[in-house]
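With the hints as constraints, model all of the structure from the sequences given.
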Amino acid sequence: MIVCPNCQHHNHKQATHCAQCGQPLADAVHCVCPSCGALNPIDGQFCQRCLTDLTVPVAQAPTVPRPEPTPEPPKVDSGKKESAPQAQKPKTPERPARRKRRDCKDRSAQREIAPLPDPAEGREPKGLEGGLAELGGDPLAGVTDVLPLETAVALPHRGAPPSELRSEHEEQEDAHLFSSLASEPAPLTAAAQQVLPPLRSKLPRWLKLVLSLLLLLAAGVPSLSPGWLPGPLTPSADTSKLLSVLSSLGSDAQILVAFEYGPDHAAELDPVAERILEQLADQGVQIHLLSTEPAGLGLAQRMLHGSDSLQMGLDDEQIQVLGLLPGREIGIRTLMRSVEGAFRLQTVASGPHGTDLTHTPTRISGFDHVILVGDDSRILRAWIEQAPSTLHPLAVVTAQVYPALVPYKASGQLSTLTQGPTAAIELQASTSRQITPLGATDGLAALFVVVLCVAILANVLPTKSNNTR
Amino acid sequence: MRRIVIAAVAVIAGLLVCLSMLLPSPWLGRVSDMLLEGTLILAAFALLLGLLNILRTHTRAVFQGPRRGQSILLIVALLLTLAIGLLFPQSAANAWVFDHVYLPIQASLGALLAFVALQAAYRAFRLRTVDAAILLVSSLIMLFLQIPATAALWPRLGSVRDWMLAVPVAAGVRGLLLGIALGTMATALRILLAVDRPYTGEE
Amino acid sequence: MTPLVPLLSGNTEPIALIVILILGALMALFTLRARGGGRMALRPLRAFERLSELCSQATESAATVFATLGSSAPEGGSLASAQAALMLLRFVGRNIAHTGRPVRATTCDSGLLPAAQGTLTRAERADGLRHPRTGSHISFAGPEPLGMAVEAECAMADDAPLANLLIGDLGAEALMLTETHPGVIHCAGSDDPADGALLQIAGDETVIGEDVLSGGAYLDRPSHMGSLVAQDALRAVLIVAILVGVVAASIGLWG
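As you go down the protein sequences, you meet chains Y, W and R in turn.
Under the numbering used here, residues 1 to 469 are what the first sequence spells out, in order.
Under the numbering used here, residues 470 to 672 are what the second sequence spells out, in order.
Under the numbering used here, residues 673 to 927 are what the third sequence spells out, in order.
Quick caveat, the hints were computed from the structure, so don't treat them as lab data.
Using N, Cα and C, we set each Cβ at its ideal position, and we do this for glycine too.
The reader is advised that the hints may include incorrect statements.
[Stated by the list, open to error] Here are the in silico distance ranges between beta carbons for each label pair:
(1) Y:Gly44 - R:Gly710: 44 to 50 Å
(2) R:Leu704 - Y:Gln14: 27 to 33 Å
(3) R:Pro686 - W:Ala580: 45 to 51 Å
(4) W:Ser560 - R:Trp926: 56 to 62 Å
(5) W:Ile610 - Y:Trp206: 40 to 46 Å
(6) Y:Glu168 - R:Gly708: 37 to 43 Å
(7) W:Ser560 - R:Glu732: 54 to 60 Å
(8) W:Ser560 - Y:Gly412: 41 to 47 Å
(9) Y:Trp206 - R:Glu732: 41 to 47 Å
(10) W:Leu492 - Y:Leu216: 55 to 61 Å
What follows is the structure, encoded as structure tokens:
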């Protein structure tokens, strides 16, 4: 059936104009499955819901007449022995006629299946031979429609579409087709290959073990290596710029640091965040901390209270933890309009450290620099896109997020953009501080070697497919 | 009538917030701030709904389900953490839970991802298609260039890396971002003009 | 050049307003044309074709489909991604409602939870089910994507679904799901550029970027088709504008 694009009337598949409004159907895009009523693309071959073949034409046919009631079964042949004298059996009450099978909507062709003859009615108990002979002929004699294909597919809780009348010849053809298909061995694997996706092969356990061991070895290299790779390290342009910006700050500078990362990337960003805070502490600037996620704030507070080097370098007057900025992007927007409005500075006169928050700049433009340390591309982009044009944040991000922010650096919206692991190594090398095991450059080199080994193994080892479905 | 009112509220609120970003009007700014703060309050209550959903799901799992012990543990941990947070805010107990429970578990799960990522890389690096070959070669090149010590091997490698990031990578990401921005604008306009009405469930 | 100076000096609000107005006009034009039955050519996206196939396959095999939704709805700028996720959920929910195995979903965003529950309930009702079963089949797994990935992994181990829809801000967490369940068909999508690379290797069928937001057009909704074509038209305008800007900057007229 073709759906008219003008009035949504359902027309016959061969119709060229709509029967209701006369609109040409050349531009129609949808057709209706005759079986389940689902909308399908007009050039589709199978219904997307019930897989009925949409290319089979369904033509009008006259109403099938109600079949004649079946005759009584023939009597027993007098030549056969009777095992016992016939006993009078009480007549059983007539079985009520089988209820008509009806659909929710009116159907122009109501097919009714004639009730089967009651085997117990009017029959005497016989032996097996007699019984089988007595059944005689075809027990389904009188049943004209064994398999009404359309009603079998239509679902009970959904109103079936108005069916199209079919001729007896077409019904017989359908029945013949069905019986030939039902008896034909179905090549299921061939059909499955058309529908099923190429399955992923499961990696063997020994291979997973090898990969895990390689990764553990790479992770252990920084602790074991005496520094195999040659130095000194030359910091990248962005790391050098970050260092020069931090070094040039005066003691009256106000710096906002946003901790926008969680514990799963703490290993990657904690070292560089610590280096930055230490550098700021050395400069004696005023540091204001915030985060749009609770875990980030927790990490910041943990860093402030837990790091020995920081405890030596910072005092409570230098650090103000503004707190959690709720609402993620909405919170950032509120912050950009007014810091006072975002944190209600006037109503909260002192922070968790007992410091006086009234000296916190009330607008974002009051901060000399904004430093973003984050692992969430979406939040970092919100910071960059909502920041005023005069504000160019300094961003330190994870390796995963780094490529997504490169355009902002290229367009000048970001002042610097550095990756966490390499930035930590380069900052340590530039400031002559002791390099922690995680910052050793040998670890990155070991990771490269592991990935290279994996690439070689993947192309050398044979693969097995695992088509279990 | 109900649907019209709901749609009207959604459209008017959306238009007010949108216009406040485009037009410099203090009145619009105040109204949009109020509406956005309402969104935050809704989000907080949605978090409460989520909390109730967790409790319901895992309470049901305690009585019927294969993972009773884990569900019991989750419920106990949830209620305990909630109690500590409500009764002793910003206290040492709160910090202890974060430092010794939440942080190690999250960090460990994050570390597990490295193993999974390596297995996925094993699959992805099989040279069956041109895409896989490009993926493999570009991954190895970028990994090699990320090592800080490569500059000591050959000083020009740093500039090669900077060029690769500034030109092909930036170009690709810019294209993606432009397309995403257009798609986001179109989705927002469909909602603002009530063409899509997710709040009433109409298609 | 004088009228363009305010625009070229970095004041972006007027530009944004003009772009929105142009896009709105184009959307109105193309949506009306789509609703009138006009044919519009869309390049094939295998992931959405596979989605239809999966629904048919789930119907045949009485299997269920799992959804892992990572977007945030009311709080953040990923409303478009959330809307796309809900639309795909509605499509799948409606098409497999009658199998007896409802869609199961888990999400890490509390704002999306009630929206997803309502979407699936309405989808099942629209399919003819009088007693939708979706209330308890969507779970919130905490605000962290890692927690959601763990809960999804456990749920898939229990249910053995045919397919898993991964929609939203899932990066390495998606890898956890796809590697622990290689027999499940994973259809992944995210509009975050940072997640695209990981999802490309994680999913069997992947859409990234704006393709996630165009699902409606592929699932036969005229309004979405019109807006998709409008996006393409505006994209052409932007390309011309960029080229003109590049040429102007190169010959010294601008910058």
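Leucine 704 of chain R paired with glutamine 14 of chain Y, Cβ distance criterion 27 to 33 Å = Since the Cβ atoms of leucine 704 of chain R and glutamine 14 of chain Y sit about 29 Å apart, the hinted range of 27 to 33 Å holds.
Is 41 to 47 Å a correct range for the gap between the Cβ atoms of tryptophan 206 of chain Y and glutamate 732 of chain R?
-> 37 Å, violated
Cβ-Cβ distance between proline 686 of chain R and alanine 580 of chain W: within 45 to 51 Å?
-> The hint (45 to 51 Å, Cβ to Cβ) holds, given that proline 686 of chain R and alanine 580 of chain W are roughly 49 Å apart.
For serine 560 of chain W and tryptophan 926 of chain R, compare the CB-CB distance with the range 56 to 62 Å and indicate the outcome.
-> Holds, since serine 560 of chain W and tryptophan 926 of chain R (Cβ atoms, about 59 Å apart) stay within the stated range.
Range hint 40 to 46 Å: satisfied by the CB atoms of isoleucine 610 of chain W and tryptophan 206 of chain Y?
-> 30 Å, violated
Please test the hint of 54 to 60 Å on the beta carbon pair from serine 560 of chain W and glutamate 732 of chain R.
-> 57 Å, holds
Is the gap between the beta carbons of serine 560 of chain W and glycine 412 of chain Y within 41 to 47 Å?
-> 45 Å, holds
Does 37 to 43 Å hold as the CB distance between glutamate 168 of chain Y and glycine 708 of chain R, or does it fail?
-> 42 Å, holds
Is 55 to 61 Å right for how far apart the beta carbons of leucine 492 of chain W and leucine 216 of chain Y are?
-> 58 Å, holds
CB of glycine 44 of chain Y to CB of glycine 710 of chain R, is that within 44 to 50 Å?
-> Check failed, 19 Å falls outside 44 to 50 Å.
Hints 1, 5, 9 from the earlier list are contradicted by this structure; the remaining hints agree with it.
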